[in-house]
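Protein chains: 4
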Amino acid sequence: MTTNFRSDNETPVAAAIMDAILEANQGTAWAYADDKWSTKLDQVFSDLFRTEAIVLPVSTGTVANSIALATVTPPWGSVFCHSGAHIQNDECGAPEFFGNGMRLVPVDGEQAKLTPSALEKAINANEGHGVHSYKPTSLSLTQATEGGTVYSPDEVRALCDSAHGLGMNTHMDGARFGNAIASLGCHPAEVTVEAGIDMLSFGASKNGCMAAEALVIFGQPQWRETAERLRKRSGHLLSKMRYVSAQLLAYIEDDRWLKMASHANRQAAKFAKAIENHAEASLEYPVQANEVFMKWTMEGFDQLKSQGIQFEVWPGRNDLARFVFAHSTSDEETDILVNCMR
Amino acid sequence: MTTNFRSDNETPVAAAIMDAILEANQGTAWAYADDKWSTKLDQVFSDLFRTEAIVLPVSTGTVANSIALATVTPPWGSVFCHSGAHIQNDECGAPEFFGNGMRLVPVDGEQAKLTPSALEKAINANEGHGVHSYKPTSLSLTQATEGGTVYSPDEVRALCDSAHGLGMNTHMDGARFGNAIASLGCHPAEVTVEAGIDMLSFGASKNGCMAAEALVIFGQPQWRETAERLRKRSGHLLSKMRYVSAQLLAYIEDDRWLKMASHANRQAAKFAKAIENHAEASLEYPVQANEVFMKWTMEGFDQLKSQGIQFEVWPGRNDLARFVFAHSTSDEETDILVNCMR
Amino acid sequence: MTTNFRSDNETPVAAAIMDAILEANQGTAWAYADDKWSTKLDQVFSDLFRTEAIVLPVSTGTVANSIALATVTPPWGSVFCHSGAHIQNDECGAPEFFGNGMRLVPVDGEQAKLTPSALEKAINANEGHGVHSYKPTSLSLTQATEGGTVYSPDEVRALCDSAHGLGMNTHMDGARFGNAIASLGCHPAEVTVEAGIDMLSFGASKNGCMAAEALVIFGQPQWRETAERLRKRSGHLLSKMRYVSAQLLAYIEDDRWLKMASHANRQAAKFAKAIENHAEASLEYPVQANEVFMKWTMEGFDQLKSQGIQFEVWPGRNDLARFVFAHSTSDEETDILVNCMR
Amino acid sequence: MTTNFRSDNETPVAAAIMDAILEANQGTAWAYADDKWSTKLDQVFSDLFRTEAIVLPVSTGTVANSIALATVTPPWGSVFCHSGAHIQNDECGAPEFFGNGMRLVPVDGEQAKLTPSALEKAINANEGHGVHSYKPTSLSLTQATEGGTVYSPDEVRALCDSAHGLGMNTHMDGARFGNAIASLGCHPAEVTVEAGIDMLSFGASKNGCMAAEALVIFGQPQWRETAERLRKRSGHLLSKMRYVSAQLLAYIEDDRWLKMASHANRQAAKFAKAIENHAEASLEYPVQANEVFMKWTMEGFDQLKSQGIQFEVWPGRNDLARFVFAHSTSDEETDILVNCMR
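Chains as they are written, first to last, in this note's numbering: chain Z, -5 to 336; chain F, -5 to 336; chain A, -5 to 336; chain V, -5 to 336.
One or more hints might be untrue.
Copies of the same chain are indistinguishable here, so a pair counts whether it falls within one copy or spans any two.
Calculated cross-link-like contacts (lysine-lysine; reagent style DSS-like; alpha-carbon spacing at most 30 angstroms) [claimed, not checked]:
no.: 1; residue 1: K115; residue 2: K30
no.: 2; residue 1: K299; residue 2: K267
no.: 3; residue 1: K115; residue 2: K267
no.: 4; residue 1: K253; residue 2: K115
no.: 5; residue 1: K253; residue 2: K264
no.: 6; residue 1: K30; residue 2: K267
no.: 7; residue 1: K267; residue 2: K34
no.: 8; residue 1: K264; residue 2: K299
Honestly, the hints are just simulated from the structure, not real lab data.
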């Protein structure tokens, strides 16, 4: 019994997704995304999001984010994001590389979320003086956030309204988008395109796929060429794209993505409850998706580790640890963890 | 019965490779290439090439080529390659993007091959005048070539000697490296590191894998950081890298890569023989690997197409067509094609 | 008596230009091109070219060329130019740097000129296959050419028509634009905007200024922001831009630029005549501006050098030398040279 | 009588500097910094800084800063600077452009200065986790600071020690370096190379020159090629570099740079005293160089403006204004200003 709560990046591929890969492995197929799986994606995602969508299948969230931001942001443009965002802290400057030196502006915010007032204040402080300064161009939100919290449709709309009001574009890093939707219980369009999001990095790898993400552009057909050129030019146009696209199709079919995400969220909720009932440990953030940030002591963490529980003590903090639950986390594993907290 | 000779990019994944993927799909594994498959690669390739090797698994040949060249070439450096090279014609400037505006210098050569004299002449013509010109920095050879021919170890050594003599670095684009080795019958080290190649894009996707290539750096530990940073920064460090690495391990194991390549080469040879015996059609290049370039007429090509044969009439030429044979090409398929030429 | 015919880059600043600099040196002035000299440029050049023009004063031709090309060419776009062009051979990849890895495609042509047929053939050979290839985007002509020849308005128009017909943009590198106009005797608009040129690097440094060039954009107000951002971002927005702009204004005033260029051209013509009358030496190109390319022997060149004549034996050629005449070349100097050829 | 205290960027060229330009304007000279003025710079600056120096004359501080930082910082490296630094706020991302997407990390600090503890805290918070994060690579200090304060040699040494201790490189943006040295009264080497600075942007344009700055590299001959390539590639290698170099030589000769800076500092001190004696106005920072930041009311500022005083109300602040004094500020002008404060 492995009890690994380190990261949903470490999980295996779900059976249904692997079946789709195997099924796609029959005979030859057109290369470079001209196959029958890849060419279906625009329609499938347009249906899913109730709006005309352009979809680029890719292998990582980093490239989806980077292409999205570089498609709409000039080299002298800036992207505003939460100071804990993956694009800011975990991508080694991929957005800056794709965007030829564009700049990310990190903004602080409670519960790993941005607020319109903090955003507007940051934009004002950075809009500078004409040609001498970066030009505020894009907003990037993370959903679910890096703290395991979830923006409501109203919260997203308020932020997008601020950004659009200033002529900026909006992007959502949805590495854990399924977990967010499963948590909100809303239609996926409600918290994206209908709330003002222009582009979505629709994550699937963390929630049951192998290496499959979709960059979804809502409307804006004029952005297609740039996005496609950036994908090719960065080495991300797989010759055998069918295997990525087949994953994405199977992931969406029958609401598999939401079922897997709901399962993960439920496991997280069970652990959250155990923490709430614990004498010493406490929650750093409200648990709204599949991640739990527990405040406790190094003694407490060591004790858990000694019982075979795998998780990450947060870098730079010795009173905080992260536990991630996934599609593949069994009830039994969660029970073991919960019991450790008794 | 599909009789598709358009491209080895269109072929399915070989059964043994898919088995390896399935086998890697057990439980959790460390993310970002810290898994037990990825961490084995350095040793496995060091053994394969009889020298200490650094291996970066990646998903496409384009990114392997681009990282290799950008690792050793400054933005003001130039890379010399054949005018038909993939990096020159088919990667939308990925090397230039990774290399921040470095330049490719295309050099003509018979049978899709470079010669030392043509190379040296091109270098002389481009080395210019100090800071005003690009600095000749790298040589990139394609093996097997874009014409389906193969460089001998001696040919590679002569070219690498020329390059090294001028202080340049050497790279081999081995998108069809297996086919080249199967053709040469030599040890893979003989035509690479032992002939003076510093870096190899070891292709596997065209020869039975799904999306798996290895950037192999021979010696030169000081190049590791740059190569790894470029991989991360371009969005190519997969969180679930185990699935790529497992493919590569299975590909090498039991000489699978050579067996599959040999099979493909044999099919090509059968078709080449048919062309040689044909009254009108003829070979554009000697057939030494898994590609056949046939000179004929549009009438001839149309006739083949009407019989269900799929292949590519070469862009800009109406007297030339390419037929690619692969690990998955059945004897039956080749026989159908051969019979069409009778 | 110096008899230096090496390069017009080595010449001093003309007296009238220096006077303008001194005159601009009174009191304070708004920084960053908001001064009264810089803000006059749009109108002065609009008048000069009989069309609405956007003008960016800069310090070098390299940056004028690079901003022009990078303003209209995406990173995956290609620029077609003569294989002898300065942007191709003498700018260490500045266009590629400003253009984030865009590509130059050199095209051969007699007398250092492009022809529509050679251009179209090159474009056809490079337009490739969609997202896999660079996209032909721009044409760059050099006027006067690197061979000292001059395109007629009809020649420029034919090339621009070819480019525009393919949806491409057109740029003229006018490092020696004054010499070209002095040679043609036409209106400067006739061989630029009225012949289909979209952007001009209007050179002044070689013809009497200190470090002053103007990037002139004809029409196209939507290109202004990108051009101005690139200028700032590359460190070329001088705080004390007035000194550059004052040069440009004085250069144009009273046709000084044409008078200086005519003087230089006349000196070149005298030397050309001497070569035509020489028993052994001959002209490599027709002499139409201020440069003379003389074919002769190393013995001949050495003899000239022994008489104190300074000039450049052409790199890679021992039978060719270049002599450049400038605004500051005195009749006496030219006579000395001419006498050496008797 | 102009009473313009807006910026030292708006001042004219000092007479002695203009004389040097005129003197350099005799006859022809080798182009591209091979002239007799430019080739003297290494020695002159080596003498000035008591250490072997490599000097690149350039036209702007932005390009000096950008080349310096991009020479030592890889694209995945980060540069730590004060949050008010010119490179962070006023260069439209030039460092990021030259550095191909490297990142600036702004750090807060009192009196516009960094402290070792704030620096180390920022580095710790940003050094992240291996390949996923930017790598802290460089420190950039501004001297005099953007607040008109000056780092002492000890302060510089402490910061450089912190940076070097972490394997980082150090740069000083000396746009107002003369004012700092005039204020400190120390040897210029004491607060630069002898305090641990690796590279200095030695500013001259704000203090009497036309468009002349020197990038000074202390020791480190291996950095020369990259720095020179970046200068050429960014269009900053002037063909007639003699005019820049002649300014720099005249600027240093006879301590002109220090005399001019001292004059400017004295004017600032007079105004500072007037503020200290004022009932309502006060100083935002101690006045240690040639800039005075005065806190007051919009009413106060408007009153000054109505008396013909020109200055800048600080962006985003209506209680703060900046007054800059320069080599060209006359005692009379300062008296007028001072009298306005009575």
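Right, here's what the structure says about each hint:
no.	hint	result
1	K115 with K30	neither (47 angstroms within a copy, 35 angstroms between copies)
2	K299 with K267	within (20 angstroms within a copy, 65 angstroms between copies)
3	K115 with K267	neither (36 angstroms within a copy, 35 angstroms between copies)
4	K253 with K115	neither (39 angstroms within a copy, 43 angstroms between copies)
5	K253 with K264	within (17 angstroms within a copy, 52 angstroms between copies)
6	K30 with K267	neither (45 angstroms within a copy, 35 angstroms between copies)
7	K267 with K34	neither (42 angstroms within a copy, 41 angstroms between copies)
8	K264 with K299	within (19 angstroms within a copy, 62 angstroms between copies)
Hints 1, 3, 4, 6, 7, counting from the list given before, are not met by this structure.
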